[in-house]
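Q: Below, each chain spelled out in residue letters.
There are 2 protein chains.
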Amino acid sequence: MSLIEKLNWRYATKQMDASKVVPQEKIDTITEAIRLSASSMGLQPYNLLVIQDKETLAKIQPVAYNQPQITAATALVIFAAWDVATPERINKYIQLIASERGVSEESLAGFKGMIDGAVAKLDEASAFNWMARQAYIALGTGLAAAAVEGVDATPMEGFNNAALDELLNLSAKGLKSVLLMPLGYRDEAKDYLAKAKKVRKPVDELVVAL
Amino acid sequence: MSLIEKLNWRYATKQMDASKVVPQEKIDTITEAIRLSASSMGLQPYNLLVIQDKETLAKIQPVAYNQPQITAATALVIFAAWDVATPERINKYIQLIASERGVSEESLAGFKGMIDGAVAKLDEASAFNWMARQAYIALGTGLAAAAVEGVDATPMEGFNNAALDELLNLSAKGLKSVLLMPLGYRDEAKDYLAKAKKVRKPVDELVVAL
Numbered sequence: 139m140s141l142i143e144k145l146n147w148r149y150a151t152k153q154m155d156a157s158k159v160v161p162q163e164k165i166d167t168i169t170e171a172i173r174l175s176a177s178s179m180g181l182q183p184y185n186l187l188v189i190q191d192k193e194t195l196a197k198i199q200p201v202a203y204n205q206p207q208i209t210a211a212t213a214l215v216i217f218a219a220w221d222v223a224t225p226e227r228i229n230k231y232i233q234l235i236a237s238e239r240g241v242s243e244e245s246l247a248g249f250k251g252m253i254d255g256a257v258a259k260l261d262e263a264s265a266f267n268w269m270a271r272q273a274y275i276a277l278g279t280g281l282a283a284a285a286v287e288g289v290d291a292t293p294m295e296g297f298n299n300a301a302l303d304e305l306l307n308l309s310a311k312g313l314k315s316v317l318l319m320p321l322g323y324r325d326e327a328k329d330y331l332a333k334a335k336k337v338r339k340p341v342d343e344l345v346v347a348l
Numbered sequence: 139m140s141l142i143e144k145l146n147w148r149y150a151t152k153q154m155d156a157s158k159v160v161p162q163e164k165i166d167t168i169t170e171a172i173r174l175s176a177s178s179m180g181l182q183p184y185n186l187l188v189i190q191d192k193e194t195l196a197k198i199q200p201v202a203y204n205q206p207q208i209t210a211a212t213a214l215v216i217f218a219a220w221d222v223a224t225p226e227r228i229n230k231y232i233q234l235i236a237s238e239r240g241v242s243e244e245s246l247a248g249f250k251g252m253i254d255g256a257v258a259k260l261d262e263a264s265a266f267n268w269m270a271r272q273a274y275i276a277l278g279t280g281l282a283a284a285a286v287e288g289v290d291a292t293p294m295e296g297f298n299n300a301a302l303d304e305l306l307n308l309s310a311k312g313l314k315s316v317l318l319m320p321l322g323y324r325d326e327a328k329d330y331l332a333k334a335k336k337v338r339k340p341v342d343e344l345v346v347a348l
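Chains as they are written, first to last, in my numbering: chain U, 139 to 348; chain Z, 139 to 348.
Just so you know, these hints were derived from the structure itself, not from any lab. For every residue, glycine included, the Cβ atom is placed at its ideal position computed from N, Cα and C. It cannot be assumed that every hint is accurate.
Example chain U residues on the side facing chain Z (calculated, C-beta under 8 Å, incomplete) [what the hints assert, rightly or not]:
1. Arg173
2. Ile235
3. Ser309
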């Protein structure tokens, strides 16, 4: 099946069947696709939490407007952006490039200066927004990967971010939650959207001429 | 080849070979993947411009820091978010759902109220930011689709947005440019990154435990 067919198959699943469990291998493949996702300057200024513990999922559900997918999913992927792009975090990235490519950190000084400059020109809120946006690219990649694996996923930005951060003590990790992506299998009988026609703008409305 | 292999193959191409032309069919498939991309409440609050005219590309290049991919690419995809989520735009979306699913607009009043509410609670800058973020999901989907098609792409957020908007008169369309994605083929001889090892955080650093 082509990627286009897979993307046509997927939708923001509203009801998942808790009795159907996504194999760990598929969850790992989706996580790997997210890991390979593009980000500005390759910085990947976010972390993932992959929550599978039922008790924790039950605690998360109320801060996500009690959406049923949170607990019916096999796993909940939380995209959490860095709160601040600290010099330590940037240094660690430079060290990773140096070690992976077998080059000196000194040879990466120009590139490091570019990252430092991109961060320095932004106030803290704008810098966070820029990092949060990178998580959206990762979400787009993750949704495509889930579709390819035949796994249902629901992109969610509507939840109480501050309450989730407090519940999971994300500030201690220097993180702020941005997006949720439960992974599971649609409940075709219960989900009114499962059989609904996918609605997208026609291509000649999406793509505009100059 | 699996999606993971394709994602490993792709990278932010710095030098493209202008003599290699991406078939129109592949550009259309990538555009179609973007069209199918997820967005908050399905609103798709952005448009695409797919620029292939060499003269226009040459004019765009200076506002994108003279990056060579702009003119060496077969096509430049511009992601431009709505400047304002006007009632007309929201109504048009509701009409599209009604006509695609064969239901009345009245039956969608609750859903429309949800969209109106989501927009109303944001000031104009925050609403724009929310719409711009949806374009990042679309970029993530588009990059995955390009990789699957074996087409090189370069995600770019670093360009002079205001100058590009003015050059292309995007304000007349109620749009503001957010992201660029040139599509072409890597020039392996000229691009120092073509043979460089892909650098990504190890999975046990990206995925953090509670």
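Q: For each hint, tell me whether it holds in the structure or not.
A: We went through each hint and held it up to the structure:
1. Below 8 Å, beta-carbon pairs count as interface contacts, and arginine 173(U) has one with chain Z at about 5 Å; its hint therefore holds.
2. Given hint, isoleucine 235(U) at the interface with chain Z, holds; its Cβ is 5 Å from that chain's nearest Cβ, closer than 8 Å.
3. Hint status for serine 309(U): violated, given a least beta-carbon distance of 13 Å to chain Z, over 8 Å.
The structure shown violates just one earlier hint, number 3.
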